[in-house]
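Participant: So you can see what is in the structure, the chains are spelled out below.
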Amino acid sequence: MSTLQIKDLYVSVEDKMILKGLSLTVNGGETHAIMGPNGTGKSTLASVVMGHPKYKIESGSILLDGKDISELAVDERSRLGLFLAMQSPIEVPGVTNFDFVKTAVQAHIPEDKKLRIGKFILDFEQAAKDLQMGSGLAHRYLNEGFSGGEKKRNEILQMKLIKPSIAFLDEIDSGLDVDALRIVGENVTKMKSSDLGMVLITHYQRLLDYIIPDFVHIMIKGEIVKTGGTELIRKIDAEGYDWLKTELGISELEETKKPVSLGTCATKVPAR
Amino acid sequence: MNYPKLITDNASTIIFNGQEWINSVKGIKTEMSEKSLKIIISSHKSSDDPVTIVLSATKKYPSVIIETHKNSQAKVNLFFAIRNQLDISLDLSVKENSSLQLNEYYYGLIKTQTKMMKRVLLKNQSTLSMNSGYFTKGQFLVNESVSLIGNNATYQGNSLVIGHDSDDIQVTQNVYHKAILTSSDIQNAIVANDSSKIKFDIYGTIDKTREKSRCFQHSKGILLGEKSWIQVDPKLIINEYDVEAGHGAAIGQINLDEVYYLLSRGLSETQAKRLIIQGYTDPFVARYTHPNQAKFVHKAILNKMGGF
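First to last, the sequence lines map onto chains V and W.
Counting in our numbering, the first sequence runs from 36 upward without gaps.
Counting in our numbering, the second sequence runs from 80 upward without gaps.
Worth flagging that the hints you see were computed from the coordinates, not collected in a lab.
Quick reminder that beta carbons are idealized off the backbone N, C-alpha and C, glycines included.
Some hints here could point you the wrong way.
[As the list claims (entries may be wrong)] Residues from chain V that face chain W, not an exhaustive set, calculated with beta carbons under 7 Å:
1. Met85
2. Val109
3. Ser113
4. Arg114
5. Leu115
6. Leu119
7. Pro128
8. Thr138
9. Ala142
10. Pro145
[Unchecked claim] List time: in silico DSBU-like cross-link candidates among lysine-lysine, alpha-carbon distance up to 30 Å:
11. Lys352/W x Lys91/V
12. Lys374/W x Lys149/V
13. Lys148/V x Lys374/W
14. Lys352/W x Lys148/V
15. Lys89/V x Lys299/W
16. Lys306/W x Lys89/V
17. Lys89/V x Lys352/W
18. Lys137/V x Lys378/W
19. Lys306/W x Lys154/V
20. Lys154/V x Lys299/W
21. Lys374/W x Lys102/V
22. Lys148/V x Lys378/W
23. Lys149/V x Lys306/W
24. Lys51/V x Lys261/V
25. Lys149/V x Lys378/W
26. Lys137/V x Lys374/W
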């Protein structure tokens, strides 16, 4: 059972502070939901934990099973058991889904062991079937020409096969129709076990109807301001976040943007 | 000359060793005339098993002609060894109602410079899928001219060029739509390593009154070396309103978003970059259905890619 501990994390991007003292602990077997208004740093949190080079950790720490991973490369974090189902999965033309997932699964196997290709093929086919992804998925190029829903299901397919110990699912419900949402929800729920800790980032209750979280966190302005149970989801769904801002005395986001001159367009000068 | 067993180990293989044809295949007629080699493909039962033609360019026979019979269907894998300083030509004629799937593989060391003229004629209701791999070393200038002279003729041209060391490869592609309802689609994949230099000039021309024709070009290139260089100039010359046409080119270094995505799944940076580059080369290899030939082509590409 793995444990991810995020302690008093401050993160900036291009000199703008996004996360401001965020702390969170996720144990294997737990499902956490993070909700919050747009632009409060939810996706930043997932990306920073995964090690995206764009973000700079100003202070604080990220510990996986007690080991500080904040200096580790992205691939090392993955091999330690972290997984991020991305909000906008990247297309990689020319690389087949099968080759990619096979290489990824192989990367998670100890060096002295070989991937059993026959078993892998069966597992791949089963995962594709569970997610109702249709035949031919293996030979399609990675995410290229996939619909939004297919891309999200493909993220879950990878998660099923890679078997991470801590997974962030960043808005996995966006772009999914009702049926696809149910399929994703059921598949993710089936993966729940003491070997997997999950963090679901979402805006909507509908995903959390299928994947019941143990903890619900509300993030505003780069920090977790409230933690509770599923009752929080219902309240947010009904009333939004204003009540919380009022309750906690949080002012609206400061307007830091200033008008910028875009220069002048060519103007027509009247003939004299 | 020794030919790799991986490409000749096939019952449907004919080889020209520079002097003579050293075997024959049913359904394929070969002729040698002054300065040219002629290959006529009739009704080869090619549904799965392609005919393999292995050629060595020589000064004695600088011109190669490949023709299909009317109403025929064929798959041909052409391995063309280019070793000497030569000006060579390949004339390809796809006759009425016939279809040809041609995989071309050019290889060999060019010491100074070789120019190649490729002329393609597509007649009524004919289809050509031509997949060209340029893996020569040295300076290679290729001029392709594809004329769709028959109504409903269709051309699909896929090229893969890999530059290595100081290779200099220049490819000019001309597609002329000279009949109605013709269709062309060019897809180029370009990989430039080290200080190699690769240039594509692509022209698509639809003449007036050749309505309902389609002409598309797309090129993608990846620069792997600090001194590598790729230039792609796509051009469309359209003289008819009732047509569809488009072009696009994307050249750049390895996309860091793609690398990040693959790293996030546990692949090392080297594995990630290798896989991304395979995205350029694998579709070409996949067209070789004969396992030994696919293996040969794959190995040759790896060799050409050097460190990658």
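Participant: In ascending order, which of the hints set out earlier in this document are inconsistent with the structure?
Facilitator: 5, 10, 19, 20, 21, 23
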